[in-house]
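Engineer: What follows is the residue order along each chain.
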Amino acid sequence: MALFLSRIRRRIQSPTHHLLSHGAALASLLEPTGGLPTTAVATLLCGEPARLFSSSSTAAVAAVPMTADGLTVDSIGSKGWTILPEAESDWRSHAAAVAQSVKVIKKRLKVRYSHDISCWGSIIERAKQMALVLERPDLWDDPVFAGRVSREHGELMGRIKSVNQFEQELIEHIEMLRLAREENDNALETESMRALADMRRSAKEKELHALLSGDNDSYSCFIEVQAGAGGTESMDWAAMVMNMYRSWAQRRGYTVTVVEEMPGEQAGIKRATIKVDGEYAFGYAKAEVGVHRLVRISPFDSAKRRHTSFAAVAVIPILGDGSTRYQIKESDLRIERFRSGGPGGQHANTTESAVRIVHIPTGITATCQNERSQHMNRASAMAVLQCRLDQLEIARQAHINAEHTQSLNEISWGNQIRSYVLHPYRMVKDLRTNYEVSDPDSVLEGDIDDFILNFLSSSLDEADVSA
Amino acid sequence: MGPLSSPSSAAAESKIKAKQPWRCSPSRPAPSPHPSSSVRTAARTACASPPSPSPPPPSPRSRRRCPATTPPPRGTQTRTRPPLFLRPATHPVPASALAAFRRRAAALVPASAPHLHRHLRWLLADASTTSDSDPALFRAPLDHIESLWLGHVRARRPFQYVVGNEHWRDLVVAVKEGVLIPRPETEAVVDMVKGVEGFGGGWWADLGTGSGAIAVAVARELGDGGKVFATDVSDVAVEIARFNVERYGVQDKVEIRQGSWFEPLQDVKGKLMGVISNPPYIPTEDLPGLQPEVGWHEPKLALDGGRDGLEHLLHLCEGLSSALKSGGFFVFERDLTSNICASIWQTNGNKQSEFLVDLISSKWSSSFRDVKAVLDFADIKRFVTGYHR
Ligand SMILES: C[S@@+](CC[C@H](N)C(=O)[O-])C[C@H]1O[C@@H](n2cnc3c(N)ncnc32)[C@H](O)[C@@H]1O
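Top line first, the protein sequences correspond to chains A and B.
763 is the number of the first residue of the first sequence in the numbering used here; add one for each residue after it.
495 is the number of the first residue of the second sequence in the numbering used here; add one for each residue after it.
The set of hints was computed from the structure by calculation and includes no laboratory data.
Note that the Cβ used here is the ideal one computed from N, Cα and C, for glycine as well.
One thing to keep in mind: the hints can contain errors.
30 angstroms max Cα-Cα, derived DSS-like pairs, lysine-lysine [said to hold, decoys possible]:
1) LYS866/B with LYS765/B
2) LYS1091/A with LYS866/B
3) LYS875/B with LYS688/B
4) LYS1091/A with LYS765/B
5) LYS1091/A with LYS875/B
6) LYS866/B with LYS688/B
7) LYS819/B with LYS765/B
8) LYS890/A with LYS923/A
9) LYS865/A with LYS890/A
Selected chain B positions facing chain A (Cβ under 8 angstroms, derived; list incomplete) [what the hints assert, rightly or not]:
10) LEU592
11) PHE595
12) TRP616
13) LEU618
14) HIS661
15) ASP664
16) GLU679
17) TYR775
18) GLN785
19) VAL788
20) LYS794
21) ASP864
22) VAL865
23) PHE871
24) ARG876
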């Protein structure tokens, strides 16, 4: 109780510190308290503050955070409070929005983790059961089983805890707001309100992340685009698709680097690879794997006819450092570099530094021409090659996620996922989800999050149905 | 992928450059096979500071900048200026002016030289800060950049001199007229050296260090006790090598000494774990036919290998056994036309080299082992390596 208040006081002292991370929140709870306003203590004593703080044990996780007057995140969700735009400073609206997100997150987690159980409560139940199994003295007699159980338990607990902490945070902010109002503390009130609005935003992010709990989802990735048959028009289309991903990635705050680009003779690209660096890049981008179709009047056709062209997209996760799955043997590589044909060395001045590496046993290649020295191009090309081979290895070993880990060579041109029509009408339609928008320009400028999210949630729903 | 290792960020660049004022070469190489007079004019404008309508930016550095119209007296050290890519970005260029420049610059690119589009991109990248701001901030006034571009396209001034650097291995090596632009082939030398047992703690010599590229790259891989002695006769080379050494903060590992080949290394004679050299190896008679970027602009001192391109190589071979300690390693870069150097140790040399083989092979076969020719990435026998017995 008193501990909770100490946290509030700290906040008053440092107004810039408006959203504590979970770690910081826990740390601050352990601090000694000073003299407290008695009214505040009285208010808070009515609640069950012990429940606010989850410990690492399953039992504590199961406890439901609650405000002094008995509000829980679930009850907030069912109150039917109107959700106003974020700019409106209305705590009920913020709280309701967060509660709604929590509901979505729970649903998504349920689907992702436990197809055979039907509610959040049973997920917790399952975690508890697994904890019991983990305590069995003979558990490690079967190390494979033990490993599986402990992994699933760990994962489940991690997810549950993060939802719980989030719920707890919401309750705390509501309490703080009430406290601020009681004490006429405007600074604290403003700050709590802002914290609630911030939570609303991060809740939306978390909703997304709940969609992204696949093995490699959190990694960076390469995105490759290849033009279909059809000459300049389809090469131009491939370049448009690549641009769409570059702006999408930049909007999301990812770092984009061109690794390889084979320009078309007149316009566009035959093929290109970019590296998208940042958390969950693969998780999102994998939703784009497949063939993208364009219908328009081609600017390259003097007869102004309507053309249909295709571009294939592949996405490869970049596994975190040290987790390469495939051991490359130096002797299996053929490294091709630009040769001037002349005597080279001191005789020549060249800035051509493209490097292509062929992995002879698999025939897989990687090219890099983005860097200005051969040495660096070689290093980048090796990184791409490593990822391609890792991907192959993952697919081979697991046979899962197969649709997301195809390389461009394997994508069949029949696997169309989205259609972009610029003429005779204007529309972009995802053929998997039927999600569509009527503004192709904004989509081509990188506004594809809705397509991605729709696809990701629909694939979870499918998993739900098939469970 | 951001530009490379340590001193790559703008902040690091400016910190580094502050340490070492940049002195321009007092002498400029005279274009030898003269291009047409208009082209020469372009070359001159490209290399000198252009008349600038705007006053220089209010930076302490501007004081040191000499007025464009009065070149400094030859041979003085008064004119100091960092290479383009390291100058402060103080010249605002509106997006519209930049776009117009891009169009004009691209229009100069002949269909036969598509690589110039890449150079244009890099020039703009090196000459400005990376942000997309409008106005963009440039390291020189746009008309200066334009004259640099003309000098590159028309007068064939090497791109690396224009921007003042060459990306070499994971380094961005500063270069300027008067010093050889390090070649991509030479990158491999560092890997060969790294493969030598006990490499990290040894003493190494980089003879004819030029920009210092090899010395810096090797120094960055060395461990405790490791050291590189980098020598060159050229004033400009010594100056720039020193600049690069400091830019990468390897002063503790690289000792630069001015002098001819082994001459400045008398005190470490017999103590070297390895000798590395990329000496001038182009036969004198081939110099007039060189690619303009090379023949017109790079220092003859760095290219001219004398008769058969072997003069310096032979001199180096001579000094090798007394410089290296027992078991020491050497690698020389050489020319394919001077096949002779490999054949000195290998079976039969071609006719041209026979007298040399006769002259020295007997003497050397007893001093060296595992001597071999090593291919470069274009499968040309580019290097000779071996060990002192
Ligand atoms: C081909 S360049 C090599 C530069 C540098 N090591 C590189 O690989 O980029 C040859 C260098 O040898 C230097 N040089 C020429 N004659 C020399 C001599 N007698 N003693 C020492 N260095 C010499 C030149 O100044 C030039 O820097």
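Engineer: Each of the hints needs a verdict: does it hold here or not?
Structural biologist: Here is how each hint holds up against the structure:
| no. | hint | in the structure |
| --- | --- | --- |
| 1 | LYS866/B with LYS765/B | holds (23 angstroms) |
| 2 | LYS1091/A with LYS866/B | holds (25 angstroms) |
| 3 | LYS875/B with LYS688/B | holds (20 angstroms) |
| 4 | LYS1091/A with LYS765/B | violated (36 angstroms) |
| 5 | LYS1091/A with LYS875/B | holds (25 angstroms) |
| 6 | LYS866/B with LYS688/B | holds (17 angstroms) |
| 7 | LYS819/B with LYS765/B | holds (5 angstroms) |
| 8 | LYS890/A with LYS923/A | holds (13 angstroms) |
| 9 | LYS865/A with LYS890/A | holds (21 angstroms) |
| 10 | LEU592 | violated (20 angstroms) |
| 11 | PHE595 | violated (21 angstroms) |
| 12 | TRP616 | holds (7 angstroms) |
| 13 | LEU618 | violated (14 angstroms) |
| 14 | HIS661 | holds (3 angstroms) |
| 15 | ASP664 | holds (6 angstroms) |
| 16 | GLU679 | holds (5 angstroms) |
| 17 | TYR775 | holds (6 angstroms) |
| 18 | GLN785 | holds (6 angstroms) |
| 19 | VAL788 | holds (5 angstroms) |
| 20 | LYS794 | violated (11 angstroms) |
| 21 | ASP864 | violated (21 angstroms) |
| 22 | VAL865 | violated (20 angstroms) |
| 23 | PHE871 | holds (4 angstroms) |
| 24 | ARG876 | holds (6 angstroms) |
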